[in-house]
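Colleague: Fit chain B to the known structure of chain A by using the hints.
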Amino acid sequence: MAKKISFWESQRLQGRIASWILYVIAWAGALIFVIPLVWMISTSLKAPGEIFTNPPKWIPYSELKLDYKTKILAEHEGKIKIDKDADGTVRIDLGGYSHVIPAIAELQVKKKQMVNKGDVLATIPAKGKIRITENKDKTMLLRIVDPDGRSIKEYNITQDTRPVVKDGDMVTEGDKLADVMPQWSNYAKAWAPKALDETFTRYTINTLIITIMGIIGVLLSSTFVAYGFSRFKFPGRDPLFLVMVSTMMIPAQVTMIPMFILFKYLGWIDTFAPLIVPTFFGGGAFNIFLMRQFFMTIPYELDDAAKIDGCNYLQIFWTILLPLVKPAMATTAIFGFVYNWNDFMNPLIYLNSTSNYTLALGLQTFTTMYGTDYNLMMAASTIVLLPILLIFFFGQRFFIEGVATSGLKG
Amino acid sequence: MENAIKKSKMKMSTQDAVWGYVFLSPWLLGLLLFTGGPIVASLILAFCDWDLITPAKFIGLGNFIKMFTDARFLNSMYNTFYYTLFSVPLGIIGSIAIALLMNQKWRSVRLLRTIYYLPSVTAGVASAIIWMWLLNPDFGLVNYGLSILGIQGPKWMADEVWAKPAIIIMSLWGVGGNMIIYLAGLQGIPRQLYEAAEIDGAGMFQKFQYVTLPMLTPVIFFNLIMSIVASFQIFTQVYVMTGGQGGPADSTLVMVLYIYQQAFKFHNMGYASAIAWVLFIIILVFTLLQFKFSGGWVHYEGELKK
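In order, the protein sequence lines correspond to chains A and B.
Quick note on this note's numbering: the first sequence kicks off at 1050 and runs consecutively.
Quick note on this note's numbering: the second sequence kicks off at 6 and runs consecutively.
Just so you know, not all the hints are guaranteed correct.
As the list claims (entries may be wrong) - Lysine-lysine pairs mimicking DSSO-like chemistry, simulated, CA-CA at most 30 Å apart:
no.	chain 1	residue 1	chain 2	residue 2
1	A	Lys1106	B	Lys160
2	A	Lys1313	B	Lys71
3	A	Lys1176	A	Lys1202
To be verified - Covered stretches of chain A (in silico footprint by chain B; criterion: 3 or more residues with CB under 8 Å from a CB of chain B, positions within the stretch not fixed):
no.	segment
4	1063-1070
5	1080-1093
6	1096-1104
7	1178-1192
Derived from the structure by calculation, the hints contain no laboratory data.
C-beta atoms are modelled at their ideal positions from N, C-alpha and C, and glycine is treated no differently.
Looking at chain A on its own, in the form it has when it is part of the complex (with noise of 0.2 Å):
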């Protein structure tokens, strides 16, 4: 009975197996997991005609074709008695009402049928001449006229439409007009939005301002705060150590309404104050926790023996320790940029007026004044992304060993 050994008692087959199975889904869940950002992108760079298909559309480029049929239609309710004339004409009577019916023109109903006013009888498939004209703002506007010179169809066309018919050229129904390409001039219009005061000009540098600063302020209020706490003993650290570490489970939300109040008094609320100046005063408990967990790692042979050397705190802190502390500070940098760029409910309470938006403020701004425009909110959102996706594909290592320390030293 033990002879063969069957499938499922086969460890190393089973383990190969499964591994292959285990990779198709992470790849699977991979693929779920980007298909949003790469729906964002796609989406950004569709011209509006694009935007609303089904099923949906993922490559950014299309043909404008002609798809316009004059409609010639009942006048009258009654049966349809059909008469042809030699020269190909054809003649629709209702009840008496004569419809004249030129030859080019496909038949939309049968004899004998009943129809209402109003209903189609006959389309005449659009053809004529191109007529191009430039619109104030760049873009183009491309006319079907007839021989009459009256306009049979308009389309409006973007920056990034590539026409291939010329001035005057005859088209007819289902001809190709123009290419449109990838809409890259949806970025331009998503930056200076005509429905706000504001570019994005204005609220990157609000955004990199407050950031920065935050940045700055973190590092250096929180390397020497953790510097106190790791390197000196006192009567009261560890009580104190504690409370900074009870500090994190506290909901900002509790603090939030005392600190409007406080900053409304100071006469900083709808400046960038209360944003930045918080993070000179410990750069927050989370912060202080990572470094200090730094430092402990760090031995203090150095701190003796640059006393020996004659340093003071503040220059064994500054030239020796600093320094050592680079790759915390980095972790600590990129998440803190991350934080302040993400960063929508403080903004919202401080910040009034338009110039003093910040990305994220700005972001949410233009949803409300172009909430179906998804080209340009998809642009607008994928601005705002750029920053940080390149900061995370540059900065990844760091991300990972922030995360390693904080989570599980703790």
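Modeller: Quick look at chain B alone, frame taken from chain A:
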């Protein structure tokens, strides 16, 4: 052990103490100005009625009594619990599952880790906007995906019933952040434990059940606490997706959004502070309960023992 080294190396002196407090001073000042002071002020405000213009009026427990009859408050509490009840367990299961996958020795595993982690750094306004588009009832990718499976997708953020699940699904996109923590935890499990289990004839699932899971419990415990605290404080996603309203029909009005509305839209500073304290106490109770029950399931090995 660390403490022993420290004691021998450090002389207890007044000079040390002075310098210690010098280095702690920025934080101590911050604690006073931006944490301690505001907490006391907030506690006082919770018992007052104040609109920022007329003088504050002490009303005792008035704000807390008002909550019991305030349908919007009760609803915001229900919505917050609903969100936490689903997003936290799903997030933990999802992030552990992904971490287990990312702990394999595949050649492309680094790229996979990046892909899974990426969405968690995009958290904020932009990701909420991306999801507004993904969850569009008529042209969104989510409903298109469902239609391929033959399912008629719901109206998501336009439907009272489906708005909360929509926010929960969106939150799951960010599980990569916790995944990295679990991954670090998985990589810290000593190989010998697996080898010993293999000698005892343990299969894949048994190794997971008797080695991986118990060794991971301290990390799960840490994550559980942090996730619950974070999920009770959900705000930005809801604010962006509903234009600050918490709609449709208050179905996504969460507690923090309600605090925001009371404080900064209606200027009921006292009532808003009272609700903030209720939120704080809920979070505190949940955290303490977890610590109380952690002994039953959290396994500390050797040096990790606390």
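Colleague: Please list, smallest to largest, the hint numbers that this structure does not respect.
Modeller: Hint 7 is the one this structure does not satisfy, whereas the remaining hints hold.
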